[in-house]
Amino acid sequence: MTTTFQRQNIFCKSGLWRRLCLSCVIWHASFCLAQQPTPAVVRQPATDGKVWGALIYATTDADKLTGSAEQMPTTPQDLPARLAKVFAPYTHFEIIGQHLQDVFREYESWVVPSRDLFLKIDSKGPAEDGGMNLHLQVWREQQVVAKADAILRAGSPLFIGGPKWRGGQLLFVLELRKK
Amino acid sequence: MKTPSEENHDLIRWLDDEMTVGERRAFEANWQSDPELAAEAESMRWLSERIKAHLPAEIPVPHADFFNSQIQARIAQMEVDDARERAETAASTSSRFLWLRLPWLAGAAAAALAIVGLVWTQSGSSGCSTILSTYTPNPSMKAQVIEHVDAVATVLLLEGLDPIPAEKKVVGFHVHHAESDAEVATTTLFDENGAVLAVVALNAQGQPQMLK
Chain A
1 MTTTFQRQNI FCKSGLWRRL CLSCVIWHAS FCLAQQPTPA VVRQPATDGK VWGALIYATT
61 DADKLTGSAE QMPTTPQDLP ARLAKVFAPY THFEIIGQHL QDVFREYESW VVPSRDLFLK
121 IDSKGPAEDG GMNLHLQVWR EQQVVAKADA ILRAGSPLFI GGPKWRGGQL LFVLELRKK
Chain B
1 MKTPSEENHD LIRWLDDEMT VGERRAFEAN WQSDPELAAE AESMRWLSER IKAHLPAEIP
61 VPHADFFNSQ IQARIAQMEV DDARERAETA ASTSSRFLWL RLPWLAGAAA AALAIVGLVW
121 TQSGSSGCST ILSTYTPNPS MKAQVIEHVD AVATVLLLEG LDPIPAEKKV VGFHVHHAES
181 DAEVATTTLF DENGAVLAVV ALNAQGQPQM LK
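Line by line, the protein sequences give chains A and B. Counting in this note's numbering, the first sequence runs from 1 upward without gaps. Counting in this note's numbering, the second sequence runs from 1 upward without gaps.
Just so you know, these hints were derived from the structure itself, not from any lab. On a predicted model such as this, the values are computed, not experimentally measured, just so you know. Please note that the accuracy of each hint is not assured.
To be verified - Below, computed lysine to any residue pairings styled on SDA-like, alpha-carbon distance capped at 20 angstroms:
no.: 1; chain 1: A; residue 1: Lys120; chain 2: B; residue 2: Asn203
no.: 2; chain 1: A; residue 1: Lys124; chain 2: B; residue 2: Thr134
no.: 3; chain 1: A; residue 1: Lys120; chain 2: B; residue 2: Gly206
no.: 4; chain 1: A; residue 1: Lys50; chain 2: B; residue 2: Asn203
no.: 5; chain 1: A; residue 1: Lys178; chain 2: A; residue 2: Gln77
What the hints assert, rightly or not - In silico negatives: residues of chain B with every beta carbon more than 10 angstroms from chain A:
no.: 6; residue: Asp17
no.: 7; residue: His54
no.: 8; residue: Gly127
no.: 9; residue: Pro139
no.: 10; residue: Lys168
no.: 11; residue: Ala195
no.: 12; residue: Gln209
By construction, the Cβ of each residue, glycine as well, lies at the ideal position given by its N, Cα and C atoms.
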């Protein structure tokens, strides 16, 4: 009895018992991991399309341009010329920031080319001929300045005339992109 | 005391100061011969002034988004009803023109309908974006919508916005993609290298705050 007790005591004191348990746990864990066929897939939220949004500085004086490195996109086609038709007398248009954003089906999407002026978009589902029904909110920092319900269609951008700045005006362009 | 009704429409116009000078004089001249009208007018003016003094001139519409969407839904329903009514009228009219069912006319009618349908389809699918409704929470602001055919664009002009001070630096982002976390109501903006540009988080009032 004494010998057995001593043996058990040595077994516990030497840490052999703990090592054995730990080995079992590791073996079991590795076995379970090996049994999993594929890692858990992160579900991407459903989207209704993509939009491109840009904050643009419009001015009549080229010397006042900010020197932004952002390039004019190929779409919308002829963007500066189209903006000039709408926002006369401005002749120079410079992209300050731009954002390509998925429009989520079930919750809000933010189009944030700048901290100063940005959009919140809620999808209201597809419209006829490939368009998208949207609820838009125009935010200026922490204030919503306008809300609109709109149908956005590819090739027909939405131009938003924003606040005046540096003798010119800030404009927002929103375009529906192919999904 | 009588309440204003269609019969005393003039009294309402007088109260709302909508009468021309001539109309107003003529209306007030009637008081000489109609003391009851004079008393009622005076009483209504007294009441109107007190109401105006205690109520704000403008009251924001509660739940304006819902209000707008309900109006749009109602308009859409009215358009559907009108179209159905027109179709029913056209159907009853067509029964008077049974001679149009002659075989040689059927072909011509089909061709004509095809042309009309083509024209209608082309005009209906003009492909232009449309703004259905606008709302500006600040009453000193106005939103104007223009469909600019030449620029093939829809324009939303926000009038009455305070200018941004010239000395303020407006810094833009080039957002390559964004990831949203619906559980914590945040959207993280990334550049093309995967670096975080900013995080949009909603505060307790539902206003967006830019973190970073």
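Hints, verified against the model:
1. A hinted pair counts as satisfied when its Cα atoms are at most 20 angstroms apart, and A:Lys120 with B:Asn203 qualifies at roughly 15 angstroms.
2. Proximity of A:Lys124 to B:Thr134 is assessed by CA-CA distance (about 16 angstroms); at most 20 angstroms being required, the pair is judged to hold.
3. For the hint linking A:Lys120 to B:Gly206, the alpha-carbon distance of about 12 angstroms falls within 20 angstroms, and the restraint holds.
4. A hinted pair counts as satisfied when its Cα atoms are at most 20 angstroms apart, and A:Lys50 with B:Asn203 does not qualify at roughly 26 angstroms.
5. The straight-line distance between the Cα atoms of A:Lys178 and A:Gln77 is roughly 15 angstroms, inside the 20 angstroms bound, and the hint therefore holds.
6. Against chain A, the non-interface label of B:Asp17 holds: every CB pair exceeds 10 angstroms, the least being about 32 angstroms.
7. Consistency note on B:His54: stated as away from chain A, and its beta-carbon is indeed over 10 angstroms from all of that chain's, at 29 angstroms minimum.
8. Its closest Cβ contact with chain A, about 5 angstroms, brings B:Gly127 to no more than 10 angstroms, contrary to its assignment away from the interface.
9. With a least beta-carbon separation of about 12 angstroms from chain A, B:Pro139 lies farther than 10 angstroms from that chain, consistent with its non-interface assignment.
10. The Cβ of B:Lys168 does not lie farther than 10 angstroms from every Cβ of chain A; its closest approach is about 8 angstroms, which violates its non-interface assignment.
11. Every Cβ of chain A is farther than 10 angstroms from the Cβ of B:Ala195; the closest lies at roughly 15 angstroms, confirming the non-interface assignment.
12. Not every beta carbon of chain A lies more than 10 angstroms from that of B:Gln209, the smallest distance being close to 7 angstroms; the non-interface claim is violated.
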